[in-house]
Amino acid sequence: MSATALIRSAPQVAPQRHLLSAEAWAALPAALIDDPEMAFLGLWAGLGCVHAAFLHPEDGVPLIASCLGDSYASLALARPGAGLMERAARDLWGVDAVDAADRRPWLDHGRWPTTTPLAARPPPREGSAPQQMFRPVEGEGIHIIPVGPIHAGIIEPGHFRFHVQGEVVVRLEVRLGYVHKGTLGLMLGKSPRAAVPFAARVSGDTTVAHAIAFCRAAEAATETPPPPRAIVLRAVMAELERLANHLGDWGAICNDAAFAWPLARAGLLRERVLRACEAVFGHRLMMDRVLPGGVALDITAEGAATLRAMLAEISAEWPGLQRVYESHASLQDRVVGTGIIAANLAARFGAGGVVGRASGRGFDARRMPGYAPYDAVDFNVPVLPGGDVDARVRVRVAEVDAAIGLIHRLLDTLPAGPIYTPLPIRAGEGLAMVEGFRGDVLHWLRLDDGGLIEACYIRDPSWFHWPLLEAAIEGNIVADFPIINKSVNASYSGVDL
Amino acid sequence: MLWPRLARSLLSRPIAESVAPPPDGTVAALVARLEAAAGTRLGRSLSIRHVDAGSCNGCELEVHATSNLLHDLERFGLRFVASPRHADVLLVTGPTTRNMAEALAIAYAATPDPKWVVAAGDCAVDGGVFKGSPAVAGGTDAVVPVDLLIPGCPPSPMALIEGLLALLAANAPEPKKGPAGQAGGP
Ligand code: SF4
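If you're matching them up, the sequences are chains G and D in order. For the first sequence, the UniProt record's numbering begins at 1 and goes up steadily by one. For the second sequence, the UniProt record's numbering begins at 1 and goes up steadily by one.
In isolation and in its complexed conformation, chain D is listed as follows (with noise of 0.2 Å):
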């Protein structure tokens, strides 16, 4: 039952799409950050941790979307880690509740240098629609130092891959050229 389905899928194109190239104002505002910060370069390939500090979980549908046969995420260089320790990138949803912020500001303690944070959707932005409650710290930047932002709500998958790639483009050795790995590349 499995085999021939193996087998065909084998033989078959990837069913991978194309992503466009991350926007020139995105990356250059990278890349002078990271020059700015630390000026070390991490290679092609980032390794990211996902920490949900407060999301309602639609965020996390679209982050674990980014892995699926459509949009394979991995084929880039960008893979989800286990543990901050493991991380280059902390991609964090959702508004900061106050509950979470303690083990945010950890997380984020735990990430070795150099490391960057992606605040991903309206809720890590800004607090999003639920800014301003008691219970809420504010945004991603209310706890740890933001690098990009990706609004949306949620952002879509192609979106959250856009801003990702953005961050390899910053990091990519100069002179500086497109996303690794194009449309449906190995």
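Just chain G, same shape as in the assembly (with noise of 0.2 Å):
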């Protein structure tokens, strides 16, 4: 049986959700390495059961499964994106996966007042902390290069265990959870409106999509779509993130190879875009605009305008600096052939966004599942085969070039009427997608009668890049991982929660 077959023949609980038996789960991994083409979205738990989120392209719209109990079947040897997720699952719900080859703790570095927080009755902690363990390595002349949690530059926090031979890194190994917030604890029973700030706060840098993405689910589970100027203007703000981050990362990793100018310039670009996000949206990064059941505030005619103006001076000259990138063959030299993620590694990790486009993956969630507005309005997604730091960078170029275009079209199709339709108080399930500047990032929540919060789940696409970030690094020196780690840079606040 194919593994949408399996996961459809169990009974449906929720639209897009199906309880498998224990047996039916024990299944799956067989039936998903049968199906290669079924994408993996994400793992987590609840008060004792199991949720794994699948998309096959056939049906373009997500599938989730569940299966009741405190252990489960793991699913990393068949996708093995959903390793991390299962570790993270063990320690945040106390669910296990019993079989899985990784049990070691992820988030629970032993110092939370409890163990598995999210429990029914989260035990209390008892004895001493787990020592973090790295894998090991063997061969002669390897020496350990700990780094982190503190990095040398304004960066969030992480463990970073290199294992290097003379100058070449045989193995990095990422330890990540220091900045644990406790976010879907925290968001447990709230109504959305209570818990949409939460959202906003998963990951600074995308707190437009990971906004809409947690509306958007709310507004799923309560059958009340948003009003259509809304969207448009949710979609305004998704657009102009990613152009932000873009033009910023873009600066980024030139100034990674020592190449300081493009930073400077790119840095005044994206200053020119939160400037005018603050002049009209009220907040340089847009934070808190969306809301369950549209925005937080509506256009004016000069505010559409001064984003057109701001999109022009950045038109007239981003070509110019994509000419210095181009032509500095010190630059093309740290860039070409470094960091390289093999395509059929992105595509087994199910990584979205610029790292899986830049590895052949084109996958795009404004494309499948699709939704609102970008149904309705025409726009280029970059899909390039090197995987090196080049063709995310490529990629990246090509996506300012888009979100330019979009933004100008979108302000142009932009329909009149109300901005906000209250969500009614009702119970209800709901799953959305939406496309980050990182990638599709996903949200699912479930309300009681009551219409608060009663089940979450937040999946950032990082999940599934500081793996590949693992995997990018191997044979390639030290010198050049700060390079290759902000051509894929994963959201520390965005896994860790």
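FYI, nobody ran anything at the bench for these hints, they're computed from the structure. Treat the hints loosely; a few may be bogus.
Pair ranges (Cβ atoms, derived) [stated by the list, open to error]:
(1) D:Trp3 to G:Glu140: 43 to 49 Å
(2) G:His143 to D:Ala20: 35 to 41 Å
(3) D:Leu6 to G:Ala301: 37 to 43 Å
(4) G:Thr300 to D:Asp113: 49 to 55 Å
(5) G:Ala101 to D:Leu6: 50 to 56 Å
(6) D:Pro114 to G:Lys190: 42 to 48 Å
(7) G:Ile33 to D:Val81: 49 to 55 Å
(8) G:Ile144 to D:His86: 23 to 29 Å
(9) G:Lys190 to D:Ala20: 36 to 42 Å
(10) G:Phe379 to D:Leu6: 32 to 38 Å
(11) D:Val81 to G:Glu454: 46 to 52 Å
Here are a few chain G residues that sit away from chain D, every Cβ distance over 12 Å (derived from the structure) [claimed, not checked]:
(12) Thr4
(13) Ser21
(14) Asp102
(15) Arg135
(16) Phe162
(17) Pro225
(18) Glu302
(19) Ile404
(20) Thr421
(21) Pro467
We put the beta carbon where it would ideally sit given N, CA and C, even for glycine.
Please assemble the complex out of the two chains, which come individually in their own frames, going by the hints.
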């Protein structure tokens, strides 16, 4: 039986969700191995249950498999991207992938007052903190470079353990969880309106995309679509966020090749975007501007003109910056062939966003599953095969151009009307995917009869990017790590939750 | 391609924007604190070590933006350094998570005296929206003593610069004067 048929043959408990028996779930790994097309979207747990979301390109809509119990068969062999999520689910809910090869703690560093904080009754912690364990490396002349959690730059905390032979990295292992804030726990028991600030703070650089995904999940759960004007305004904000972040990343990648001038220019362009956002939406990062049921504020005719003027300024300077990038052999030497993420690896991990599209995986949530208003506008999704730092730079460059065109077109077609519809207080369940600047963001939630969040999950695209970063650095020299890391630019807070 | 642009930049005026002097109240409070604590002058430059103690990374974006061409933090003698051992100031962002508390304490211990701690952003001030989470110890002051609070979610680059200039003004040799390098100065 195909994986899709296996899931669909189980009783349906919510619009996109089926409840599998333990036996049916146990058959899932083999079915998934037989069906490599079935994309894995995420795995999380709840009170005595586990959920995994998939998307088959033939269906084009996400499908969730659930299974009751405190343990379940691991999916990590069939879908390696599930590995870290299974470790996180064990730390947060105490629901265990019993046969997983890797059952080391992930988010739990032994420092919380209890273990499994999202379990029904979290047991108080007993004994001392577990030590960090890293996989051993054998070989002649291997030495270890431990870095972090606090790094040398202005960057989020995480620990990188390099095993190095001479100058060459044999293995990198990333240890995260340092910025775990208990976000999911804070959202439980709140109305979507009260919980949206947490969704907007899962990863500050993706505040708009996360907030849209959360709100769309809540709107799906209550079957209340927002007004058309709000939908387009959300997309304008999402594309502005993509534009600002790609500009910043482009400059920062060049800077990590010790070429500071592009960072200075791109930093200036990024600042122009943020100031226009502040002028038009009242916040530089547009935090808390997306609400369940719509958006927090409307845009005026002058607002649209401000955005267009800013876009014109960027369009004027951006091609010149590209010519500098193209014409500097010393820069090309650092980016071409560096930090290659093989296409088959990106596909196996289901990597989305820039990382996936620079390694030949063209997935884009705006196209599939697709959502309004992107079904009504034309836009380019660049895909390149190279998988190196240069390919990731070029995908960003093409996406900057695409975002500028999109914002113009969205402003052209901005429908009139209200910007907000209050959500009814009712039970329901919803899932939504939104294409953020890093890749597809997924939010799922279930509301109880009082309209309060009973269960929820947030999956940042970085979950799949961190393991690929570990693969990308293999065989490269230590000195190239910063530029490879920046070209992937995974979020720490986004996965630490 | 690059050289004509560089030449043009050399001939044009700096585009960095002027910054309002820090409010007297803030400076006075810092001076009092400084005199009580150490009485040591640092001169007109501060080295800053940023520590993310659990942020959502929104604050980092704005800390980065203090260095862009329009804000140009370094013209005031303020610069970011790679190690707490080189720092006068720890600029802490984010709520202090339980998983980062020890690392923050170690960074503080590694910073030589006299030192200042700036808690930047609503989360660093008191935990912000994450206050009360079992995974969060609190604001920055849950782990290390704090000298200056810069609220905001995230604080704007200008708010960050004004806060840091207040530290600089409080440390300036007598008679106390405004921040070094006003409006577009080198
Ligand atoms: S203050 Fe706001 S931007 Fe800064 S870390 Fe907290 S939530 Fe993020």
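Evaluation of the provided hints:
Taking 43 to 49 Å as the suggested C-beta distance range, the pair tryptophan 3 of chain D and glutamate 140 of chain G conforms, at roughly 48 Å. Take histidine 143 of chain G and alanine 20 of chain D: their Cβ atoms lie about 51 Å apart, and the range 35 to 41 Å is violated. Here the CB-CB span from leucine 6 of chain D to alanine 301 of chain G is close to 39 Å, well matched to the stated 37 to 43 Å. Our hint of 49 to 55 Å for threonine 300 of chain G and aspartate 113 of chain D holds, since their Cβ atoms are close to 53 Å apart.
About 54 Å separates the C-beta atoms of alanine 101 of chain G and leucine 6 of chain D, a value consistent with the hinted range of 50 to 56 Å. A hinted range of 42 to 48 Å for the beta carbons of proline 114 of chain D and lysine 190 of chain G is consistent with their spacing of about 44 Å. A beta carbon spacing of about 50 Å between isoleucine 33 of chain G and valine 81 of chain D agrees with the range 49 to 55 Å that was offered as a hint. Here the CB-CB span from isoleucine 144 of chain G to histidine 86 of chain D is close to 25 Å, well matched to the stated 23 to 29 Å.
Taking the beta carbon of each, lysine 190 of chain G and alanine 20 of chain D are about 39 Å apart, inside 36 to 42 Å as hinted. Under the hint 32 to 38 Å, the C-beta atoms of phenylalanine 379 of chain G and leucine 6 of chain D, about 35 Å apart, fit the expected range. At roughly 47 Å, the beta-carbon separation of valine 81 of chain D and glutamate 454 of chain G lies within the given 46 to 52 Å, and the hint holds. The claim that threonine 4 of chain G is not at the interface with chain D holds, since no C-beta of that chain comes within 12 Å of its own (minimum 36 Å).
Once the 12 Å rule is applied to beta carbons, serine 21 of chain G is consistent with being away from chain D; the minimum gap is 34 Å. The claim that aspartate 102 of chain G lies off the interface holds: its Cβ sits roughly 20 Å from the closest Cβ of chain D, which is beyond the 12 Å cut-off. Once the 12 Å rule is applied to beta carbons, arginine 135 of chain G is consistent with being away from chain D; the minimum gap is 21 Å. With a least beta-carbon separation of about 18 Å from chain D, phenylalanine 162 of chain G lies farther than 12 Å from that chain, consistent with its non-interface assignment.
With 12 Å as the threshold on Cβ separation, the claim that proline 225 of chain G sits away from chain D holds: the shortest Cβ distance comes to roughly 28 Å. No beta-carbon of chain D comes within 12 Å of the beta-carbon of glutamate 302 of chain G; the shortest separation is about 22 Å. Listed as outside the interface, isoleucine 404 of chain G is consistent with that label: its C-beta sits roughly 20 Å from the nearest C-beta of chain D, beyond the 12 Å cut-off. Distance check for threonine 421 of chain G against chain D: the nearest CB is about 25 Å away, which clears 12 Å, and the non-interface claim stands.
No beta-carbon of chain D is positioned within 12 Å of the beta-carbon of proline 467 of chain G; the least distance is around 20 Å.
Consistency note: the structure conflicts with earlier hint 2 alone.
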